[in-house]
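Engineer: Sequence:
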Amino acid sequence: MKVISYNRIINPSFLLINHELPSNTFHQPRLISTSAPSISSFNMKKKDLMMRLPCCFTTRAALSSSVKTDTYSGSKKQKSSSFYTHPSLLEMKNEKAANRVRVYEFLRGIGIVPDELDGLELPVTVEVMRERVDFLHKLGLTIEDINNYPLVLGCSVKKNMIPVLDYLGKLGVRKSTLTDFLRRYPQVLHASVVVDLAPVVKYLQGMDIKPNDIPRVLEKYPEVLGFKLEGTMSTSVAYLVGIGVARREIGGLLTRYPEILGMRVGRVIKPFVEYLEVLGIPRLAVARLIEKHPHILGFGLQERVKPNIQSLLQCHVRETTLPSVIAQYPEILGIDMEAKHPSQQEFLNSIIESTREDFGRVIEKMPQIISLSKAPVVKHVDFLKGCGFSSEQVREMVVGCPQVLALNLDIMKQSFEYFKTTMARPLEDLVAFPAFFTYGLESTIKPRHKKIAEKGLKCSLAWLLNCSDEKFDQRMSYDIIDMEEMEVGESSFDMNTLLEPRNDESASDFDEDYSEDDNV
Numbered sequence: 047m048k049v050i051s052y053n054r055i056i057n058p059s060f061l062l063i064n065h066e067l068p069s070n071t072f073h074q075p076r077l078i079s080t081s082a083p084s085i086s087s088f089n090m091k092k093k094d095l096m097m098r099l100p101c102c103f104t105t106r107a108a109l110s111s112s113v114k115t116d117t118y119s120g121s122k123k124q125k126s127s128s129f130y131t132h133p134s135l136l137e138m139k140n141e142k143a144a145n146r147v148r149v150y151e152f153l154r155g156i157g158i159v160p161d162e163l164d165g166l167e168l169p170v171t172v173e174v175m176r177e178r179v180d181f182l183h184k185l186g187l188t189i190e191d192i193n194n195y196p197l198v199l200g201c202s203v204k205k206n207m208i209p210v211l212d213y214l215g216k217l218g219v220r221k222s223t224l225t226d227f228l229r230r231y232p233q234v235l236h237a238s239v240v241v242d243l244a245p246v247v248k249y250l251q252g253m254d255i256k257p258n259d260i261p262r263v264l265e266k267y268p269e270v271l272g273f274k275l276e277g278t279m280s281t282s283v284a285y286l287v288g289i290g291v292a293r294r295e296i297g298g299l300l301t302r303y304p305e306i307l308g309m310r311v312g313r314v315i316k317p318f319v320e321y322l323e324v325l326g327i328p329r330l331a332v333a334r335l336i337e338k339h340p341h342i343l344g345f346g347l348q349e350r351v352k353p354n355i356q357s358l359l360q361c362h363v364r365e366t367t368l369p370s371v372i373a374q375y376p377e378i379l380g381i382d383m384e385a386k387h388p389s390q391q392e393f394l395n396s397i398i399e400s401t402r403e404d405f406g407r408v409i410e411k412m413p414q415i416i417s418l419s420k421a422p423v424v425k426h427v428d429f430l431k432g433c434g435f436s437s438e439q440v441r442e443m444v445v446g447c448p449q450v451l452a453l454n455l456d457i458m459k460q461s462f463e464y465f466k467t468t469m470a471r472p473l474e475d476l477v478a479f480p481a482f483f484t485y486g487l488e489s490t491i492k493p494r495h496k497k498i499a500e501k502g503l504k505c506s507l508a509w510l511l512n513c514s515d516e517k518f519d520q521r522m523s524y525d526i527i528d529m530e531e532m533e534v535g536e537s538s539f540d541m542n543t544l545l546e547p548r549n550d551e552s553a554s555d556f557d558e559d560y561s562e563d564d565n566v
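Numbers in the working numbering are just positions in the sequence shown, counted from 1, shifted up by 46.
Since the hints were made in silico from the structure, they are not lab data.
Among the hints, erroneous ones may be present.
Claimed, not checked - Restricting the straight-line Cα-Cα distance to at most 20 angstroms, the calculated cross-link-like pairs of lysine-lysine (PhoX-like) are:
1. 386 with 352
2. 517 with 492
3. 184 with 205
4. 256 with 338
5. 386 with 420
6. 216 with 248
7. 204 with 184
8. 338 with 316
9. 431 with 420
10. 221 with 204
11. 459 with 492
12. 459 with 425
13. 352 with 316
14. 248 with 266
15. 459 with 431
16. 248 with 274
17. 496 with 517
18. 266 with 216
19. 504 with 517
20. 256 with 266
21. 504 with 492
22. 517 with 497
Claimed, not checked - Listed next, with one range per pair, are the computed distances between beta-carbon atoms:
23. 165 with 208: 23 to 31 angstroms
24. 165 with 392: 56 to 64 angstroms
25. 258 with 154: 44 to 52 angstroms
26. 293 with 326: 23 to 31 angstroms
27. 155 with 252: 44 to 52 angstroms
28. 382 with 154: 37 to 45 angstroms
29. 522 with 287: 43 to 51 angstroms
Built from N, CA and C at the ideal position, the CB exists for glycine as well.
With these hints in hand, go ahead and build the complete structure from the sequences.
Structural biologist: So this is what it looks like as structure tokens:
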């Protein structure tokens with residue numbers, strides 16, 4: 047029996063590295079002896095070959111793996127020799143922490159407390175942080191200012207600060223006010239000109255604030271740049287218009303007191319308005335007061351206004367006269383009454399021997415007495431005593447017309463000289479009507495006295511002066527003087543004057559006389 051054997055590779059797609067395979071692996075078939083030993087020898091070789099083939103495959107795999115490893119290693123080595131390295135995340139984190147430590151040490155060294163800066167993106171080098179601090183110093187901010195708002199150190203000089211400052215300068219904000227501007231509202235350095243600042247400026251212009259007044263408004267109340275248009279600003283203006291503030295007055299009102307834009311209606315404005323209504327001031331009159339004196343909305347209702355009303359009542363001011371007192375002198379709602387009124391009451395008592403009730407009557411007729419300086423009061427009292435009035439008569443005149451303590455002294459002297467020489471009336475007439483000194487000598491006193499002198503009429507000073515020109519002309523047509531008109535009561539503030547519509551146009555209260563070179 048003949049056995050034919052073939053030595054061949056079944057799958058030639060891979061390379062066999064087997065030194066034991068003969069070089070003539072692919073050859074013609076040959077006949078093998080059929081003897082038993084030959085078969086046994088063949089079986090042994092076949093077995094040996096089968097055992098060696100896996101070894102060859104393993105060696106090939108190992109060689110292939112080695113080649114791949116060497117190739118990758120070579121690539122890595124080649125990359126590591128390039129200009130751009132890629133450190134690990136841990137290395138980057140450690141480096142960032144080390145940089146922050148160095149920046150913190152620099153800040154502490156110049157007196158800045160960096161505790162609030164944790165989590166804020168800061169410069170990676172001390173040099174950049176030093177540049178920011180130096181730039182803030184050039185703007186006038188001190189180390190104390192920076193400590194008050196350390197987050198300003200997170201602003202980039204080129205990306206944040208300079209664009210904002212350029213925009214403020216274009217609007218007209220002056221360099222002389224910039225330091226105080228940034229102290230009050232340093233957050234502006236974080237703002238985006240397009241997204242945050244420009245829309246607010248456009249809104250202010252829409253409120254009829256004149257372009258020249260926009261920078262003055264920003265200088266006075268820089269915090270307005272941080273408000274949302276659909277929030278407090280719009281609701282406060284809408285409420286004021288709703289209670290009767292004339293729409294054409296809004297621009298001037300906001301120019302004089304832009305802080306209104308930051309006041310909440312429910313917490314500040316509405317309670318204030320309603321309290322004045324409770325005191326007896328009509329809502330429309332409150333609106334007129336706000337038009338003329340918008341800053342009164344800034345007087346704290348609980349902290350100042352209500353305590354001052356109680357102080358007025360303690361000064362024997364009658365509750366029914368409170369609306370007149372407030373309308374005449376709205377500032378009385380905001381001054382420190384508790385500190386001022388005892389000293390003023392004691393002072394007035396010392397120079398005219400007035401009682402507490404007298405002090406209450408004086409406040410009702412001239413509430414400014416609370417803030418009046420002592421030196422002018424002494425001069426006016428001395429003048430009246432020098433005119434021949436007794437201390438009791440001076441007290442009566444002051445209580446009847448407290449304005450005699452605050453008028454121009456030279457004009458009072460001229461009026462008294464005319465009264466004594468030309469009108470030739472007794473001093474008692476002035477005691478009965480001390481308001482004589484409040485009328486213009488050339489515009490009222492002389493022409494009216496001349497008319498009654500020509501007609502030979504005798505009347506009181508009150509009948510002569512305490513009326514309008516139209517009313518006086520009617521009186522001159524009378525054949526006799528109505529005795530009831532001669533009994534003119536105490537002059538008092540007329541609340542109806544606040545209810546009359548205003549015809550004057552709103553105007554800016556700011557002085558526009560400043561150099562354009564002073565802009566930021």
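Engineer: Against this structure, judge whether each hint is valid.
Structural biologist: Against the structure, the hints:
no., hint, in the structure
1, 386 with 352, "holds (16 angstroms)"
2, 517 with 492, "holds (17 angstroms)"
3, 184 with 205, "holds (17 angstroms)"
4, 256 with 338, "holds (18 angstroms)"
5, 386 with 420, "holds (12 angstroms)"
6, 216 with 248, "holds (14 angstroms)"
7, 204 with 184, "holds (15 angstroms)"
8, 338 with 316, "holds (18 angstroms)"
9, 431 with 420, "holds (17 angstroms)"
10, 221 with 204, "holds (19 angstroms)"
11, 459 with 492, "holds (15 angstroms)"
12, 459 with 425, "holds (12 angstroms)"
13, 352 with 316, "holds (15 angstroms)"
14, 248 with 266, "holds (17 angstroms)"
15, 459 with 431, "holds (13 angstroms)"
16, 248 with 274, "holds (12 angstroms)"
17, 496 with 517, "holds (16 angstroms)"
18, 266 with 216, "holds (17 angstroms)"
19, 504 with 517, "holds (17 angstroms)"
20, 256 with 266, "holds (15 angstroms)"
21, 504 with 492, "holds (15 angstroms)"
22, 517 with 497, "holds (14 angstroms)"
23, 165 with 208: 23 to 31 angstroms, "holds (25 angstroms)"
24, 165 with 392: 56 to 64 angstroms, "holds (59 angstroms)"
25, 258 with 154: 44 to 52 angstroms, "holds (45 angstroms)"
26, 293 with 326: 23 to 31 angstroms, "holds (27 angstroms)"
27, 155 with 252: 44 to 52 angstroms, "holds (49 angstroms)"
28, 382 with 154: 37 to 45 angstroms, "holds (42 angstroms)"
29, 522 with 287: 43 to 51 angstroms, "holds (46 angstroms)"
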